[in-house]
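Since the structure of chain A is already known, use the hints to place chains B, C and D on it.
Protein chains in written order, with my numbering: chain A, 1 to 100; chain B, 1001 to 1186; chain C, 2001 to 2525; chain D, 3001 to 3649.
Keep in mind that the hints were calculated from the coordinates and are not lab data.
Some clues are possibly wrong.
Unchecked claim - Straight-line Cα separation of at most 25 Å, DMTMM-like style, residue types lysine to aspartate or glutamate; simulated pairs:
1. Lys-2457/C <-> Asp-3159/D
2. Lys-1169/B <-> Asp-91/A
3. Lys-3161/D <-> Glu-2493/C
4. Lys-2302/C <-> Asp-3604/D
5. Lys-3161/D <-> Asp-2303/C
6. Lys-2158/C <-> Asp-3604/D
7. Lys-2489/C <-> Glu-3068/D
8. Lys-3110/D <-> Glu-2452/C
9. Lys-3596/D <-> Asp-2373/C
10. Lys-2379/C <-> Glu-3158/D
11. Lys-2454/C <-> Asp-3604/D
12. Lys-3596/D <-> Asp-2303/C
13. Lys-3161/D <-> Glu-2452/C
14. Lys-2454/C <-> Glu-3109/D
15. Lys-2455/C <-> Glu-3158/D
16. Lys-2454/C <-> Glu-3108/D
17. Lys-1169/B <-> Glu-72/A
18. Lys-3189/D <-> Glu-3068/D
19. Lys-3110/D <-> Asp-2458/C
20. Lys-2379/C <-> Asp-3159/D
21. Lys-3161/D <-> Glu-2451/C
22. Lys-3073/D <-> Asp-2486/C
23. Lys-1144/B <-> Asp-2068/C
24. Lys-3023/D <-> Asp-3159/D
25. Lys-2457/C <-> Asp-2303/C
26. Lys-2487/C <-> Glu-3065/D
27. Lys-2454/C <-> Asp-3159/D
28. Lys-1144/B <-> Asp-57/A
29. Lys-2379/C <-> Glu-3108/D
30. Lys-2379/C <-> Asp-3160/D
31. Lys-2455/C <-> Glu-3068/D
32. Lys-2302/C <-> Asp-3589/D
33. Lys-3073/D <-> Asp-2449/C
34. Lys-2487/C <-> Glu-3068/D
35. Lys-3189/D <-> Asp-2486/C
36. Lys-2454/C <-> Glu-3158/D
37. Lys-3373/D <-> Asp-3448/D
38. Lys-3161/D <-> Glu-2065/C
In this text the structure is predicted, and so the values were computed from the model without any measurement.
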Amino acid sequence: MVSINHYLVLATFMFLCGTLGVLFRRNLLLVLMSIELMLNSVNLVFVSGSRLLGNLDGQVMVFFIITVAACEAGVGLAMVIALFRRYGTVDTNFLRILRG
Amino acid sequence: MSQELLFYSFAGLIALCSVMVVTSRNPVISAIFLVGDLFLLAGLYASMEAHFIAAIQILVYAGAIVVLFMFVIMLLNLDPDQRSQVQIAAPEVGVLALTVIAFAVVGGMLVFGQPTGVSGEMTAEAINSAGGNTFTVGMVLYTKYLWPFELASMLIMLAIIASIVIAKKDRPKSATEGDKRRLAHG
Amino acid sequence: MDFLNSHILSITTFLPLLTALAVLLSPSLGTARWVSLGGALVTFLASLHIWFYFDSQTPGLQFTEIHDWIPTFGIRYIMGVDGLNLLLIVLTTFLTPLILLSVWNIDDKKQKAFLALFMTLECGMLGSLVAFDLVFFYVFWEAMLIPMYFIIGIWGGKNRVYATTKFIIYTFFGSLLMLAAMIVLYVLHFQQSGVYTTNLLDLYGTTAPYNTQLWLFAAFALAFAIKVPMFPFHTWLPDAHTEAPTSGSVILAGVLLKLGTYGLLRFAIPLFPQATATFAPLIVALGVIGIIYGALNAWMQKDAKKMVAYSSVSHLGFVVIGSIAVVSGGAALSAEALTGAVYQQINHGISTGSLFFLVGVIYDRRHTRLLADFGGLAKVMPWFAIMLIVATLSSVGLPGTGGFVGEFLILLGTFMSNPLAGATAALGVLLGAVYMLTLCRKILFGPLDNEENKKLKDLTPREFAYLTPLAVLAVVMGVFPNLFLDKVKPSIENLANNFRNYRIVAEAPIATPYLLGEEHKEMGR
Amino acid sequence: MLFWLILFFPLLGAFLNGLVLRKVSPTVSHILGTSALIAAFVCALLTYLQFLAGGGQAQVITGMEWIEAGTFKAPFNFILDRLSGLMLLIITGIGSLIHIYAGGYMHEEKATYRFFSYLNLFVFMMLLLVLGDNLLVMFIGWEGVGLCSYLLIGYWYEDDKNAAAGMKAFLVNRIGDIGFLLGIFLTFKYFHTVSFSELKQMILSAGAQLNGEQIEAIGWITLALFVGACGKSAQMPLYVWLPDAMAGPTPVSALIHAATMVTAGIYMMTRLNFLFYLAPTTQMIVASVGAVTALFAATIALVQYDIKKVLAYSTVSQLGYMVLGCGVGAYSAGVFHLFTHACFKALLFLGAGSVIVAMHHKQDMREMGGLRKYMPVTHLVMLIGVLAIIGFPGLSGFFSKDEILWRAWTGGDQYHIQWGLGALAAVCTSFYMVRLLMLTFYGKNRSDHHTQEHLHETSVVMWGPLVVLAILSAAVGYLNVPHIIHIPGLTNLLFEHYLDPVISIPPQVAEHWHHLHAEYPQSLEWAIMAVSVAGMAISSLLAISMYSNGFGRIANSLGSAFKGAHRVLTNKYYVDEFYDSYIVTPLRDMSQFLWKVVDVLIIDGIVNGVGQAFMLIGGLSSFRMSGSLHRHGMVMVVGIICMLTVLFF
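Looking at chain A on its own, in the form it has when it is part of the complex:
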């Protein structure tokens, strides 16, 4: 029997991958992809929870998360393009505008 614990552990692993990607990849595109990965792990939790509890709200949440993810990807990629135009790189080591 596949319990919810299985799904949760899988989601945790995906989230870990995503987190490490965000933290250690220097290519902005990869950072964005890792974020997608994290979002997906959350989606998985929602869907499995929805099935466990017999409540469709979880699936609706996933729907919204996908919407937001689409927006985020769109805006994020637009920013990547803009940054690349301006600085000629998408390497985060060189993008340090926030330096105080």
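What follows is chains B, C and D alone, placed relative to chain A:
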């Protein structure tokens, strides 16, 4: 038994793809593994009888978002030397270890944990008798979540406008003096 | 008419916000100017509606609007007017169009943003004046800071970033303490009544234990003391004023500072009466020190704007001591002093507002504010001289100007409550004359020896348009104070006599203007 | 109706001149300003006659509400009684004459709208002061006249000295005004009203039992109000502004700083005489201050060279007499001297003004002399004025000043010192006034050739009012002829009983003031009078002998014999210097310290220090602001992990 087999094979592939997404040197490869990830997840959703979500997972994620990534990767056409990685220093190692340990702890807790919650009425049988997953999700979406749904559409529109504005080519010259100075120091 | 009466406060408050949107959407700066001026004038008319339909016979809350906002936490959208905020509302809407006139000729790429921010600021100020729900009030209270932050930070002088950061962090610090106190009060009220509510009208009934009251009062009072600003929390003010553009200084001195004293009257004093009685001597002492200290500092300033800024410290010291003049052994507040404090708030807005405008007038022409650069301007700018003298006289509290009525009543009440404080504060009247006349003398009188000053032009029609109403009002407020005091009397007496057990009821809007007289009102009901 | 017009006309004149008709020629301004005042005078005269015909009972004229808050009430009510009626006539009457004169005096100015506007405004404020039925309306006038005085002293503002003098006048007056304010506060605190008529009723009504606290309060009230009077009426130690105020145009000095404004203190004390009678200690202080001021100022006047300065110190000294009169309880004598002084001091100032105009705005008497033959009319009226002020028998000063000295002497043993000071001051007065007359009009002309050529009598606009004032100065004394002199057809002591309805001694203290109504032997009165006349005669003769031909041998040798005294007097006892180095400078230094050290260094330093401390802590606890996305992300993740750890374990 077949369900378990299905789960374990899908889960193993998902884990593998996730690792590959994060570790590939070439963004194109990463994107391809991401697509794989998304398809496999859709499969898992379908196995949990969340057909609607499985469908839009493929349509929106795999069909739209990752394609967008692909386009951008090609548009930027990065030089190989820019696909460098983080130089690992002491803090990085520490954080890496801490993160992995933390997730391991969480994972361990999840393995032996017993999740609880208030059960709702939408069991698999109830959904099937009410007209299927897509129909019931739609009902919830357009009644209880009507306002957030409309707001989501507003959000999408804003994102579209914002993307256009941000990515618009409005500056002929690539970088100002200040930017160059900043880059030189970076 | 019923609709108007029952929603006039929302209309007045949010009309400026709509105007701000319209300003942003307007195609050109020219349109934006007219839109903002039009919006400000309509807001002023709306506030006049409140003024004329305000029933000056009752201490209750009028034009009340109550809607649920966040019902889970008992947070509501409550607006109302009584004698304590009526005058300030009208002052705010009155000053805004004048300020818009004063920035009319600024032709800057960012000017549209300025106008929009300014209208947003007006919305924030009006909102915090009319809000009767703690959270609702707090939202406006903080929202007001943001436009001001940008106004100083973008259109300010050389040192603007320092000044605006100091301003925002200082005020924010106080606000956070107040927020904490608000939450404590909220929980206390729940423990006593079993109802979660942030409705101020209900919270007035909460009786906190004495020790808790002391802490809560201190937190509230500190937030307002910083805003006022009271000695020794005043150092952000001279910086903010010096760096702010003229328009920012006018609104800062004219309305923003008053929100501090208004907050004392609305929140700190009636919510925590026992603590008020305990803290009164300390606050009065700080107020008196502030009066003298501000005046002496103002006297030494070489920059005209800084001088006026320090004069605000001194003048608001009067308002503070007037707000908290405890009489009858702590059982009541002095109604005279309280009336004076409410009146002086308005009057300080008028006189100091016009002083900042006037400093702005010469700054526009000469791009300097150092007193040493001027002298003998009365010869080339006679009308300017008249305006400056009227503003000065109002500021020093010469009888016949509004300043006298306010200061006199405050001093009278304070004297009744604490003769020593009253007598010492009276010295402030003398010192006020010292620095204001110094200002006049250095700008207007003496030989006209600077070549650049000889070419100065007198006031333009636009400048007349925003200076004359202030000058006229300064005199009208001195000669016919009852026009204003009549409106606020019941509310003030309610607060003064019952502050130990303060209650205020919300009344239905009134359908017939008070001006029509008693008979008509009977019929109207 | 007529009553309101009295107030309305000057205000209208001020408004039209000041704000509307700014571009008109000086002549129009002059006519407008003067006619406003003459109209006010006519209305005042008619009102006064009506009032007398109606029996002369005090009436309160109710105006609109003014300030109302809590239990405090101060409406615009006006009081018309014998005292304010008299003041009304003095202000508008003498004011009209001075306005007429001012047209001539100011004829060289290009635009005089400002001048006449201020003058009219001044008259309006002065009328408010004397007509107000409560302390607060009086206070409007009280500060309002101070304002006009400030504006008029600084009329020629391009000279910084004038602006400074105006400011000094305003500020010193404000010190007094604070006293006045405290008086108002105390009055309201203990009597719950500030209305004169209500106060009077409360204190005088037979049933009024004042408790001990109230009696004590009255002492403080009167003292505080007297501080106000000191400021306005230029008494020690607040007299310093008046000599400086001579920087203003001479008609201003005549109207404001001699005839009307400076007498406000005397008016106020007379108005509240029932309170002052209840406070014998205050009365004693009042009398002493008055007497000391009279002598002090008179001694300074002995050695001044500036013709206006002499008159200014003379004014201070004469005001001292009036205050002395009030202090000994002889309010009608004080007011009578106020009346006569208004006439002859206005005359003297205007006469001096004529001289100054003729001398091309030179005021130093060392450059004058022998003007008698160039300006015969001015000489004649000045002669009358001088004789009046020194108390030459038969002229007004004789009657009024002697009355005060007589009351001082009969006030009891405790007042004999004050009498002595007053009598000595009278001697000085004769000396310096005769000196002024001699140096200006007699002897050889000492001015330069150019000035000499242009010396001539002034126009009729200027000497006309002088003649009227001269007649008044000579005649008004006969309103109050002492008992001992019988002049057929005149009622003796007409004036003393004129004010009887106003001046009322509360029954509680009737015993203390019994001497005011006591009978004294005629011989005593004759003796006192003889002393004054003798003193006057001797010092006048001395002055004539010293100065009949410029600075004679005696003058010079006296000056060098008492070099130290002479220097002290010339420098006005160094009072200004004293105030400057012991009050103004320390205050300035302290303010500088407060600003530079306390405000900027300490308070602001603490504020900025707290800010910097937080920045430091923030900097230490963060990976500096490297701007690296990864570093920021890592900090965030570690933070989240920490939070979760805390949450779960």
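Evaluated hints:
| no. | hint | verdict |
| --- | --- | --- |
| 1 | Lys-2457/C <-> Asp-3159/D | holds, 22 Å |
| 2 | Lys-1169/B <-> Asp-91/A | holds, 20 Å |
| 3 | Lys-3161/D <-> Glu-2493/C | violated, 49 Å |
| 4 | Lys-2302/C <-> Asp-3604/D | holds, 18 Å |
| 5 | Lys-3161/D <-> Asp-2303/C | holds, 22 Å |
| 6 | Lys-2158/C <-> Asp-3604/D | holds, 19 Å |
| 7 | Lys-2489/C <-> Glu-3068/D | holds, 9 Å |
| 8 | Lys-3110/D <-> Glu-2452/C | holds, 24 Å |
| 9 | Lys-3596/D <-> Asp-2373/C | holds, 22 Å |
| 10 | Lys-2379/C <-> Glu-3158/D | holds, 8 Å |
| 11 | Lys-2454/C <-> Asp-3604/D | violated, 38 Å |
| 12 | Lys-3596/D <-> Asp-2303/C | holds, 14 Å |
| 13 | Lys-3161/D <-> Glu-2452/C | holds, 23 Å |
| 14 | Lys-2454/C <-> Glu-3109/D | holds, 20 Å |
| 15 | Lys-2455/C <-> Glu-3158/D | holds, 17 Å |
| 16 | Lys-2454/C <-> Glu-3108/D | holds, 23 Å |
| 17 | Lys-1169/B <-> Glu-72/A | holds, 20 Å |
| 18 | Lys-3189/D <-> Glu-3068/D | holds, 16 Å |
| 19 | Lys-3110/D <-> Asp-2458/C | holds, 19 Å |
| 20 | Lys-2379/C <-> Asp-3159/D | holds, 12 Å |
| 21 | Lys-3161/D <-> Glu-2451/C | holds, 21 Å |
| 22 | Lys-3073/D <-> Asp-2486/C | holds, 13 Å |
| 23 | Lys-1144/B <-> Asp-2068/C | holds, 20 Å |
| 24 | Lys-3023/D <-> Asp-3159/D | holds, 23 Å |
| 25 | Lys-2457/C <-> Asp-2303/C | holds, 22 Å |
| 26 | Lys-2487/C <-> Glu-3065/D | holds, 15 Å |
| 27 | Lys-2454/C <-> Asp-3159/D | holds, 16 Å |
| 28 | Lys-1144/B <-> Asp-57/A | holds, 9 Å |
| 29 | Lys-2379/C <-> Glu-3108/D | holds, 17 Å |
| 30 | Lys-2379/C <-> Asp-3160/D | holds, 13 Å |
| 31 | Lys-2455/C <-> Glu-3068/D | violated, 47 Å |
| 32 | Lys-2302/C <-> Asp-3589/D | holds, 15 Å |
| 33 | Lys-3073/D <-> Asp-2449/C | violated, 49 Å |
| 34 | Lys-2487/C <-> Glu-3068/D | holds, 12 Å |
| 35 | Lys-3189/D <-> Asp-2486/C | holds, 23 Å |
| 36 | Lys-2454/C <-> Glu-3158/D | holds, 13 Å |
| 37 | Lys-3373/D <-> Asp-3448/D | holds, 17 Å |
| 38 | Lys-3161/D <-> Glu-2065/C | violated, 61 Å |
Going down the numbered hints, you'll see the structure goes against 3, 11, 31, 33 and 38, while the others check out.
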